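**Student:** For this one, chain R is given, so just place chain Y on it according to the hints.
So the protein lines, in turn, are chains R and Y. Residue numbers for the first sequence follow the working numbering, beginning at 52 and rising by one. Residue numbers for the second sequence follow the working numbering, beginning at 278 and rising by one.
These are computed hints drawn from the structure, not numbers from a lab. There may be inaccurate statements among the hints.
Claimed, not checked - Over the 10 Å line for every Cβ pair with chain Y, so calculated as not near, a few chain R residues:
1. Tyr191
2. Gly192
3. Glu195
4. Glu234
5. Asp270
6. Gly279
7. Phe281
Said to hold, decoys possible - Looking from chain R toward chain Y, a few residues come up when the C-beta cut is under 10 Å (computed):
8. Glu56
9. Ala58
10. Val60
11. Leu62
12. His64
13. Glu65
14. Glu67
15. Pro69
16. Pro72
17. Val75
18. Ala77
19. Pro84
20. Gly166
21. Gly182
22. Asp183
Just so it is clear, the structure is predicted and the values come from calculations on it, not from any experiment. Cβ atoms here follow ideal geometry from the backbone N, Cα and C, with glycine treated the same way.
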Amino acid sequence: MTELERALVSLGHELEVPEAPDVVAAVRARLEPRRGRRTIRAPRSLAVAVALVLLAALLATLAIPDARSALLRALHLGGASIELVDELPEVPAEPDLELTLGQRVTLAEARRAAGFDVLRPEEQPDAVYLGDRGTVWLLYGTPERVRLLLAQTPFHSIDPELLLKKVAATGTQVEPVTVEGAEGAFLSGDPHFLVLLDAQGNPVEDSARLAGNVLLWSDGGIAYRLEGDFDRERALELAVSLR
Amino acid sequence: MEGRPPDDVALAQRARNGDERAFEELVRSHQRIAFRTAYLLTGSAADAEDAVQAGFVKAWAALPRFRAGSPFRPWLLRIVANEAHNRRRSEGRAEALRLRSGRGLPGDAAPSPEGAVVSFERREELLAAVGRLEERDREIVTCRYFLELSEDETATVLGIRRGTVKSRTARALARLREVVEE
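Okay, chain R solo, but in the shape it has when bound (with noise of 0.2 Å):
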């Protein structure tokens, strides 16, 4: 430590601070009774067995024939695995999006903070954030009532000890796409959303979890995920929009 940190810890110790209120019966008040739990409970090697099965199953369906492939490539984001599943695990609605996607920036911040090109629909942002794994968020409407939302993920800070899973229902489209020549895949349909996992199979985070339909890609290292009430054609439009 340099003197000037040093010099900081300390005028830290001399900052005016109020007593800090105790507010555990005001919190205790405001607590909502949770019900049920949602993690995956099976060992992972069973959940990962499962899946395959649930996988192969799904693609079996699929008419297209490089649709596996392509689906495989395009959904294997920054090393991520990607399984796709029937049966999708209870998900609370999330009270608080905005929790979801992580601090709210600047749009100019998001940029200098992100370390990519950060690249936008021609219309501005209503909000913008900056979540985990370098994730800069643009959101379109507002927290409660979403109509686009564009999620840019470096890959290099996907942690790889991280399973991103694709949970869909059996009732989800997936169609092989490419975006300017990139990979992707449009899912829409009954309602989907990505969950990443730790090595024990547990959810660590979920992705908000909208009505919309959503449009993967992967270009230059950079995973885009966009979401909103679009279809396939106008999801595509947007995506080549971006700059």
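**Tutor:** What follows is chain Y alone, placed relative to chain R:
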């Protein structure tokens, strides 16, 4: 300040399973650091108290997503810091932090063992310089030195990468050094 009693892991696990008593224990043992964090970020006791309460309530709701076995404190402080951040933004002000004691601090001139303690005026100058830093640099200084969080904890609390913590710390220190060493 490692402040992570081994109980935290067990308590967080129980709280994650819906045990409100366990969560109350966590509130009790972390409310001081939570308040200090929120106060240093907002400069307002009322905003800080609001942020702490709201932060704990949100943490309870978010516990199912808490990664079992990971440190509870930075995870909690991140939620509290977000709340503090939102309040400061909505109020559109950040009151200046002040040094305890004002004038005539007894022992003000007493040298520290390392000789690192500078005069009251110099410390006020340093504090003012911290106040003039860009917001994100000031947040780094607040976390690393005023809250004495580790780089990893700071990264979690501010929701940025560890490398970014390092680079912003270096930048903030360089700016402060200009003031201190002039």
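**Student:** Work down the list of hints and note, for each, if the structure agrees.
**Tutor:** Status of the hints after comparison with the structure:
With a least CB separation of 19 Å from chain Y, Tyr191 of chain R remains clear of the 10 Å interface cut-off, as annotated. Non-interface status of Gly192 of chain R relative to chain Y is upheld: no Cβ of that chain comes within 10 Å, the nearest being about 18 Å off. No Cβ of chain Y comes within 10 Å of the Cβ of Glu195 of chain R; the nearest lies about 14 Å off, and the non-interface call holds. The claim that Glu234 of chain R is not at the interface with chain Y holds, since no C-beta of that chain comes within 10 Å of its own (minimum 27 Å).
With 10 Å as the threshold on Cβ separation, the claim that Asp270 of chain R sits away from chain Y holds: the shortest Cβ distance comes to roughly 21 Å. With a least beta-carbon separation of about 23 Å from chain Y, Gly279 of chain R lies farther than 10 Å from that chain, consistent with its non-interface assignment. The claim that Phe281 of chain R is not at the interface with chain Y holds, since no C-beta of that chain comes within 10 Å of its own (minimum 27 Å). The interface hint given for Glu56 of chain R is met, as the beta carbon of that residue sits about 6 Å from the closest beta carbon of chain Y, less than 10 Å.
The beta carbon of Ala58 of chain R comes within 6 Å of a beta carbon in chain Y, closer than 10 Å, and the hint placing it at the interface holds. Interface restraint check: Val60 of chain R against chain Y, minimum CB-CB distance 5 Å, threshold 10 Å, status holds. For Leu62 of chain R, the interface hint holds, since its Cβ comes within 10 Å of a Cβ in chain Y; the closest pair sits about 6 Å apart. Look at His64 of chain R: its Cβ gets to within about 9 Å of chain Y, closer than 10 Å, so that hint holds up.
With its C-beta approaching chain Y no nearer than about 5 Å, Glu65 of chain R sits inside the 10 Å limit, and its interface hint holds. With a least beta-carbon distance of about 4 Å to chain Y, the hint placing Glu67 of chain R at the interface is held under the 10 Å criterion. A hinted interface residue such as Pro69 of chain R counts as satisfied when its beta carbon comes closer than 10 Å to some beta carbon of chain Y; here the least separation is about 4 Å, so the hint holds. Among the interface hints, the one on Pro72 of chain R holds; its C-beta lies about 5 Å from the nearest C-beta in chain Y, closer than the 10 Å criterion.
Below 10 Å, beta-carbon pairs count as interface contacts, and Val75 of chain R has one with chain Y at about 5 Å; its hint therefore holds. Taking 10 Å as the C-beta cut-off, the interface hint given for Ala77 of chain R holds, the closest approach to chain Y being about 5 Å. Proximity of Pro84 of chain R to chain Y holds as hinted, the smallest CB-CB distance being about 7 Å (cut-off 10 Å). Because the beta carbon of Gly166 of chain R sits about 8 Å from the nearest beta carbon in chain Y, less than 10 Å, this interface hint is met.
With 10 Å as the threshold, the beta carbon of Gly182 of chain R comes within range of chain Y, its nearest partner Cβ sitting at about 6 Å, so the hint holds. Because the closest C-beta pair between Asp183 of chain R and chain Y is about 7 Å apart, less than 10 Å, the hint holds.
In terms of the numbered hints stated before, the structure departs from none.
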